[in-house]
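Chains as they are written, first to last, in our numbering: chain A, 1499 to 1795; chain B, 1304 to 1654.
Be a bit skeptical, because a hint or two may be false.
What the hints assert, rightly or not - For the chain B half of the interface with chain A, some residues (derived, Cβ under 8 angstroms), not all of them:
{"id": "1", "residue": "Ala-1315"}
{"id": "2", "residue": "Ser-1317"}
{"id": "3", "residue": "Val-1335"}
{"id": "4", "residue": "Phe-1387"}
{"id": "5", "residue": "Ala-1458"}
{"id": "6", "residue": "Thr-1461"}
{"id": "7", "residue": "Trp-1513"}
{"id": "8", "residue": "Leu-1579"}
{"id": "9", "residue": "Pro-1623"}
{"id": "10", "residue": "Ser-1631"}
{"id": "11", "residue": "Leu-1635"}
{"id": "12", "residue": "Leu-1636"}
{"id": "13", "residue": "Arg-1646"}
{"id": "14", "residue": "Val-1649"}
As the list claims (entries may be wrong) - Below, computed lysine to any residue pairings styled on SDA-like, alpha-carbon distance capped at 25 angstroms:
{"id": "15", "chain 1": "A", "residue 1": "Lys-1609", "chain 2": "B", "residue 2": "Phe-1624"}
{"id": "16", "chain 1": "B", "residue 1": "Lys-1471", "chain 2": "A", "residue 2": "Phe-1611"}
{"id": "17", "chain 1": "B", "residue 1": "Lys-1337", "chain 2": "A", "residue 2": "Ala-1573"}
{"id": "18", "chain 1": "B", "residue 1": "Lys-1617", "chain 2": "A", "residue 2": "Arg-1610"}
{"id": "19", "chain 1": "A", "residue 1": "Lys-1609", "chain 2": "B", "residue 2": "Lys-1617"}
{"id": "20", "chain 1": "A", "residue 1": "Lys-1609", "chain 2": "B", "residue 2": "Asp-1472"}
{"id": "21", "chain 1": "B", "residue 1": "Lys-1617", "chain 2": "A", "residue 2": "Phe-1611"}
{"id": "22", "chain 1": "A", "residue 1": "Lys-1619", "chain 2": "A", "residue 2": "Ala-1705"}
Please keep in mind that the hints were generated in silico from the structure rather than gathered at the bench.
Since the model is a prediction, treat every value here as computed from it, not as a measurement.
Beta carbons are placed, not taken as given, at the ideal position from N, Cα and C, and that holds for glycine.
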Amino acid sequence: MDNVVIEALVRALAVGTPLLLACLGAILNERAGVVNLGVEGLMAVGALAAFAVAASSPDANLWLAVGASMLAGAALALLHAVATITLRANQFVSGLALALIGTGTAGLLGKRFEGLPLFNKVADLSLGGFTISPFTVAALLLAGAMAFWLGATRSGLTLRSVGENPAAADVLGVNVGLIRVLAVMGGGALAGLAGAFLSLSYRSSWADNMTGGLGWIAVALVIFVGWRPLRAIAGALFFGFLYYLQFRLQGNSPIPTEVFSAMPFVLVLVVLALAGMRGQAGNAPAALGRAYVRGER
Amino acid sequence: MRFVPLNAPSAARSALVTLASLVAALLICALVFKLAGQSPAEVYGTMLRGTLGDSTGLGEVGRRTIPLLLIGAGLALAFRAQFFNIGAEGQLLLGAVFAAGTALFVPLPGPLLLPAVFVAGFVGGGLWALIAAALRRVNVNEILSTLMLNYIAVALVTYLIAGPWKGKDVRGYIYTDTFPDAANLPTLGGSQVHWPTLLLGVAVALGLQWVLSRSTFGYALRVVGENPGAARYAGLSSGRVALLVALITGGAAGLAGAGEVAGIHHRLLEAGQISLGYGFTAVIVAWLARGNPALCLITAPVMGIILAGGDILKIDLNLPFRVVDIFSGVILLCLIASEIFVRHRVQWGRA
């Protein structure tokens, strides 16, 4: 019986890992005041960049592959940063464009990698009979580190001040634009890393649309967890468990499979509505979604 | 570099910036194709020849222009009210579901069936968008909610065609029986251009432009969109405006869904076959038109070329249909990033 529980937990953690990584990335840029809805696209290019590097030669360095995914995510996110921070474009629409560009580019450039096997996949760690990906461990540690950094360090406070009150931060000599650009790129790098987990560890292959909507769920998760990194662990576990359930119950229950495929998205809606009714949206960084122009309110 | 606000940006400036951002987008896409090992000249040449080069191609552009026009005109209205409906894809699907349900299961005398199919389509799409408008009242961002509703709509369609609505004469495949003849739209000779829906699209675009610029509701909508604070002072209910806007924009997408199933497929089938990403592409149609429904009469065919061109690239150059996403994304990004140049002039150096 215990084994069943532990297995469910381990599986939920596995699916929850990309959600957690992407969610942490989104928390990073949203705490600085920038919404990026492009996570799905960032994950897609991250997954492709990692796979392309790992598969291009059998002894390609996996660290290099992971680095490539983060670089690709950061580079694509830079487009968003320039559009929304420098050119003050609507953050929501720009993120949407980013999602299209990311999934489209990954689909086009990744075509030649489709169906290729990956010989040097990331080895899982063994933990009392169960295996767990090093990405999962890294994601959990990262959540802790980020909670500490945002809450207890000076630079973390600076980042938050840029998201809460950019005008005040500006008066104190903080370079609002630069910090926002860096936060957006950092968020992109983490979303790229989430993609790398999928193509190097979880699936160990590349296929078009392999992110399958996880990026969008990660975006919604940020609101659900109230922009808090530690709570993101619980949120990612919860949705990971839901996916596990979907996988487990499919085929051996009288409920049609489509109910399971729609369930995460229905649940996101319910969860967002509950968060909204509880006034949790009030936890959002005060300047979230708005471009900062000196001298304007 | 500084941006200095302009007091009264001219229409010519707006048009010029839009055109420049389109050119920039095509150049960036060319770069992406180069990276993918394709010759941009060949890609663009193939697209143009395959879409505008012959009557078949033109028919394909026309076929795609119809849903883009209907959805785009509705979205143009929605964006003016700051209702960022990204779920037209799902609303189109629900329109198709309601339309198919009416065509297949509602016994109506022949001449009444087609109007009923379209009314049902409008209702289906409108209701699906109303969910998002209702959720907005509890602070759920409509971009996220309409997106989630897209995924749910896909699952609903799959469930219906594989389950309760699966055709009796259909073996192996998942789709419904074909509609009765009375529920099928006529098309222009040899093409899949179901002209009654096209006329409907033109009427919707012109009608919504009239609503926006001449009616009291249009005025309220513009005030709510441009200055929510002032709207509150004037006693305009932004919540009610959002509900009506959702109904109209979702309903227009639902009409498009009804047109697709009644005009082309004559049955309900898989989501990916009903819509080729019309919902997302129409976002660009509306944005290119800068929130003017009537201008969608020009911008819908432009994006129709890109959608039809994507199909040509898939067949002729064996490229994944996803290249359409690249076009859409890059054009959209260039458009919104260039918007600042409409209302500002650039001043180099420090203030």
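For each hint, the structure was consulted:
At a threshold of 8 angstroms, the smallest CB-CB gap from Ala-1315(B) to chain A is about 21 angstroms, leaving the interface hint violated. The criterion of a C-beta within 8 angstroms of any C-beta in chain A is not met by Ser-1317(B), whose closest approach is roughly 16 angstroms, and the hint is violated. The restraint placing Val-1335(B) at the interface with chain A holds, with a minimum CB-CB distance near 6 angstroms, inside the 8 angstroms limit. Using the Cβ-Cβ criterion of 8 angstroms, the hint placing Phe-1387(B) at the interface with chain A is satisfied: the shortest such distance is roughly 6 angstroms.
Interface restraint check: Ala-1458(B) against chain A, minimum CB-CB distance 4 angstroms, threshold 8 angstroms, status holds. For Thr-1461(B), the shortest C-beta to C-beta distance to chain A is roughly 5 angstroms, which falls under 8 angstroms, so the interface hint holds. For Trp-1513(B), the interface hint is violated, since its Cβ never comes within 8 angstroms of a Cβ in chain A; the closest pair sits about 26 angstroms apart. Annotation: Leu-1579(B) was flagged as interfacial toward chain A, and the flag is violated, the nearest CB pair being 14 angstroms apart, outside 8 angstroms.
The closest approach between the C-beta of Pro-1623(B) and any C-beta of chain A is roughly 5 angstroms, which is under the 8 angstroms cut-off, so the hint is satisfied. For the restraint placing Ser-1631(B) at the interface with chain A, the shortest Cβ-Cβ distance is roughly 5 angstroms, inside the 8 angstroms limit, so the hint holds. The beta carbon of Leu-1635(B) comes within 4 angstroms of a beta carbon in chain A, closer than 8 angstroms, and the hint placing it at the interface holds. Of the supplied interface hints, the one on Leu-1636(B) holds, with its beta-carbon coming within about 4 angstroms of a beta-carbon of chain A, less than 8 angstroms.
At about 10 angstroms, the closest approach between the beta carbon of Arg-1646(B) and any beta carbon in chain A exceeds 8 angstroms, and the interface hint on this residue is violated. Interface restraint check: Val-1649(B) against chain A, minimum CB-CB distance 11 angstroms, threshold 8 angstroms, status violated. With a CA separation close to 11 angstroms, the supplied pair Lys-1609(A) and Phe-1624(B) stays within the 25 angstroms bound. Restraint check for Lys-1471(B) and Phe-1611(A): the C-alpha separation of about 41 angstroms exceeds 25 angstroms, so the hint is violated.
Proximity of Lys-1337(B) to Ala-1573(A) is assessed by CA-CA distance (about 18 angstroms); at most 25 angstroms being required, the pair is judged to hold. Straight-line distance between C-alpha atoms of Lys-1617(B) and Arg-1610(A) comes to about 15 angstroms, which keeps the hinted pair within the 25 angstroms bound. Proposed proximity of Lys-1609(A) and Lys-1617(B) is supported: the alpha carbons are some 12 angstroms apart, at most 25 angstroms. Distance restraint check for Lys-1609(A) and Asp-1472(B): the Cα-Cα separation of roughly 37 angstroms exceeds the 25 angstroms cut-off, and the hinted pair is therefore not satisfied.
Distance check on the hinted pair: Lys-1617(B) and Phe-1611(A) sit about 18 angstroms apart at the alpha-carbon level, within 25 angstroms; holds. Annotation: proposed proximity of Lys-1619(A) to Ala-1705(A) holds, straight-line Cα distance about 16 angstroms (limit 25 angstroms).
Of the numbered hints stated above, those contradicted by the structure are hints 1, 2, 7, 8, 13, 14, 16 and 20, listed in ascending order.
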